[in-house]
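Enquirer: Protein chains in written order, with the numbering used here: chain A, 219 to 435; chain B, 219 to 435; chain C, 15 to 262.
Worth flagging that the hints you see were computed from the coordinates, not collected in a lab.
Incorrect hints may appear among the rest.
Chain C residues, not near chain A, derived (Cβ > 12 Å throughout) [unchecked claim]:
{"#": "1", "residue": "35"}
{"#": "2", "residue": "75"}
{"#": "3", "residue": "167"}
{"#": "4", "residue": "168"}
The calculated label-pair distances, taken between Cβ atoms and stated as ranges, are [claimed, not checked]:
{"#": "5", "chain 1": "B", "residue 1": "367", "chain 2": "C", "residue 2": "44", "range": "55 to 61 Å"}
{"#": "6", "chain 1": "C", "residue 1": "179", "chain 2": "A", "residue 2": "305", "range": "53 to 59 Å"}
{"#": "7", "chain 1": "A", "residue 1": "382", "chain 2": "C", "residue 2": "223", "range": "40 to 46 Å"}
{"#": "8", "chain 1": "C", "residue 1": "235", "chain 2": "A", "residue 2": "248", "range": "32 to 38 Å"}
{"#": "9", "chain 1": "B", "residue 1": "268", "chain 2": "C", "residue 2": "128", "range": "46 to 52 Å"}
Here are some chain A residues pointing at chain B (derived, C-beta under 10 Å) [to be verified]:
{"#": "10", "residue": "251"}
{"#": "11", "residue": "284"}
{"#": "12", "residue": "300"}
{"#": "13", "residue": "344"}
{"#": "14", "residue": "350"}
Positions of the beta carbon are idealized from the N, C-alpha and C atoms, including for glycine.
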Amino acid sequence: MDNISAVIEALIFASESPLPLEKICAVLDGVDKTEVKDALDKLIAGYEERQSGISVQEVAGGFQFRTRPHLAVWVKRLKGTKPGSLTPAALETLAIVAYRQPIVKAEIESVRGVDVSAPLKGLLEKKLIRILGRKDVPGKPIIYGTTKKFLEVFNLKELADLPTMRELTEITEQQGMLDLEAAEENTGGQETILQESIGEESSEVISEVIAEDDIDS
Amino acid sequence: MDNISAVIEALIFASESPLPLEKICAVLDGVDKTEVKDALDKLIAGYEERQSGISVQEVAGGFQFRTRPHLAVWVKRLKGTKPGSLTPAALETLAIVAYRQPIVKAEIESVRGVDVSAPLKGLLEKKLIRILGRKDVPGKPIIYGTTKKFLEVFNLKELADLPTMRELTEITEQQGMLDLEAAEENTGGQETILQESIGEESSEVISEVIAEDDIDS
Amino acid sequence: MNEELSTDYAIKLDVFEGPLDLLLYLIKKNEIDIYNIPVALITQQYLDYLNIIKSLNLDLAGEYLVMASTLIHIKSRMLLPVPEEPSEEDMEEDPRSELVRQLLEYQAFKEAAAKLAERPLLERDVFIRSAALPEEMKKSLTDDDELLEVSIFELIEAFHNIVSRMDNKDLLEIDLEKLSLTDIINDVMERLTREKNLTFEELLGERKDRRRIVYTFLALLELIKLKMVKAYQTAAFGVIRIFPAVEF
Chain A
219 MDNISAVIEA LIFASESPLP LEKICAVLDG VDKTEVKDAL DKLIAGYEER QSGISVQEVA
279 GGFQFRTRPH LAVWVKRLKG TKPGSLTPAA LETLAIVAYR QPIVKAEIES VRGVDVSAPL
339 KGLLEKKLIR ILGRKDVPGK PIIYGTTKKF LEVFNLKELA DLPTMRELTE ITEQQGMLDL
399 EAAEENTGGQ ETILQESIGE ESSEVISEVI AEDDIDS
Chain B
219 MDNISAVIEA LIFASESPLP LEKICAVLDG VDKTEVKDAL DKLIAGYEER QSGISVQEVA
279 GGFQFRTRPH LAVWVKRLKG TKPGSLTPAA LETLAIVAYR QPIVKAEIES VRGVDVSAPL
339 KGLLEKKLIR ILGRKDVPGK PIIYGTTKKF LEVFNLKELA DLPTMRELTE ITEQQGMLDL
399 EAAEENTGGQ ETILQESIGE ESSEVISEVI AEDDIDS
Chain C
15 MNEELSTDYA IKLDVFEGPL DLLLYLIKKN EIDIYNIPVA LITQQYLDYL NIIKSLNLDL
75 AGEYLVMAST LIHIKSRMLL PVPEEPSEED MEEDPRSELV RQLLEYQAFK EAAAKLAERP
135 LLERDVFIRS AALPEEMKKS LTDDDELLEV SIFELIEAFH NIVSRMDNKD LLEIDLEKLS
195 LTDIINDVME RLTREKNLTF EELLGERKDR RRIVYTFLAL LELIKLKMVK AYQTAAFGVI
255 RIFPAVEF
């Protein structure tokens with residue numbers, strides 16, 4: 219039998235998508251799973267030790283060769299840079315879907331405070347999110363979730379691999395005490411600020427600024 | 219500068235077609251050609267020495283990673299790694315069947331405006347649609363409907379989970395038009411919204427702001 | 015309002031992702047504690063910003079106006095005199111609390127989005143093999159029982175394209191009721207193909223809830239109308255048997 223590490227190397231390379239360990243085992247029928255895992259680990263370690271330009275990464279539930287991030291500048295010189303990266307709106311929408319899925323549009327909108335039709339469409343087109351089904355509530359809204367491609371694009375092993383999100387309760391506890399003091403100080407100042415800023419003056423200032431801006435541009 | 223061998227490794231790996239030496243030199247602008255050649259030779263030799271599963275081969279005037287020929291038997295065991303896709307014609311036909319079933323061929327053709335024999339055959343082969351029966355009218359036309367596999371592929375519990383026309387307009391419509399309408403509606407509605415939701419005191423403030431606003435614009 | 019602030023708005027006009035984003039910006043800008051927002055100040059700056067947008071004739075999403083009214087509403091509630099002896103309810107309800115909660119939540123997701131964007135992204139930071147495999151390899155890779163990767167979204171888009179090409183859009187109106195009915199129709203036809211003929215009772219099977227009965231009955235009516243099935247009865251009030259209209 220051939221060297222197992224070499225076989226695995228060829229398989230991972232040839233696979234069009236991240237290759238799950240189970241699939242490697244299925245191909246290497248008869249080889250013990252721990253043996254396969256050892257050979258895989260050895261393969262991965264080899265690429266790390268050599269500090270080669272490519273490495274075996276675990277993404278989306280499988281293994282895949284990828285170029286190393288710090289070499290991106292060179293690869294881009296070769297391939298040319300592609301635009302079409304995600305807009306902040308799309309990225310925010312994606313983050314909400316990723317952490318809160320399964321989720322309906324109205325829930326995303328209540329977090330972002332704006333209509334999300336456009337970013338949702340963009341994410342669906344890019345196949346980063348997908349329609350999971352319908353929620354069994356009045357109106358039967360569509361439920362969204364992330365795709366396998368989302369994991370591939372963001373270099374995630376699985377959804378549990380998402381960076382931990384700051385917990386809201388945590389923040390609340392930290393700051394709760396400070397606020398009470400600050401609250402008292404601030405109440406006094408409100409009235410004044412309000413009167414200062416509402417008068418005609420301010421709109422003049424704005425018009426000025428806008429005028430300046432026009433000239434500049 | 220990064221290790222030249224590693225850069226070359228990443229470039230050859232990421233390239234869509236066999237990568238000529240000249241192109242590598244062009245990317246590594248400023249590095250001496252003999253130095254590039256040396257690094258490339260070192261890279262190739264490294265893969266040979268390790269007896270790895272892949273190697274850098276010179277093909278069609280360039281360099282490319284390939285799995286080693288003697289491992290082909292393993293690679294061929296790796297089945298169906300790349301999911302297929304549907305042609306636009308098949309997708310449209312499938313969409314019509316999905317939403318209009320039970321449906322006969324003539325009806326699909328009247329919607330698509332072209333002959334649908336080929337896409338229908340393809341969809342039947344892929345087991346996404348099936349023959350539900352025949353209609354008891356002259357010619358006894360075949361009636362088509364979707365299959366269980368259709369539901370599986372599209373991750374649906376039942377057909378009623380398919381998005382409706384209204385929803386799909388919501389998702390796919392260009393945002394531009396909707397925004398304009400919304401903006402107009404809102405401008406007209408401002409006064410009302412504000413008066414409804416706000417006590418008298420502050421609505422004065424708002425009226426002021428809005429009044430200023432109108433003058434400005 | 016000071017000049018520096020307005021200059022700043024003018025520069026940042028297009029970068030806000032919505033009213034919450036703008037509010038977070040104002041809070042940061044004024045070095046305000048998010049848990050104790052001076053509503054009057056923030057409301058004023060917020061309205062100033064809307065002013066600029068309007069005077070520049072830029073599109074203003076409706077959400078910004080809704081937030082304006084929310085802010086003013088909160089402000090007016092905060093101006094109300096506090097009762098001499100505050101009851102329990104008054105104590106626990108700060109008019110700002112819901113807004114604060116929203117802001118914190120939005121902020122957390124904004125951070126999460128930024129963290130996501132920092133990851134080594136495919137086609138930006140890392141690249142996979144894009145060369146095709148040699149033909150002889152490819153063949154064996156795909157002659158498997160083909161896996162399909164199509165999303166409903168693509169299906170919807172395809173349908174949407176057809177609809178937009180057609181003049182008579184009513185033809186293609188879809189409703190959920192119809193789709194639910196179709197589920198049953200498919201089920202009925204599948205079983206008729208297998209069993210050749212069935213009674214209404216048998217069609218219902220185990221699932222005899224009200225909805226199921228009604229839908230099965232409607233499905234049968236539809237199928238009879240479409241001339242896909244025939245219903246026979248041996249005697250008045252006898253058992254009704256359903257047959258495919260045409261054997262195949």
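Enquirer: When the hints from earlier in the document are held up against this structure, which numbers fail?
Expert: Structure breaks hints 1, 2, 3, 4, 6, 8, 9, 10, 12 and 13.
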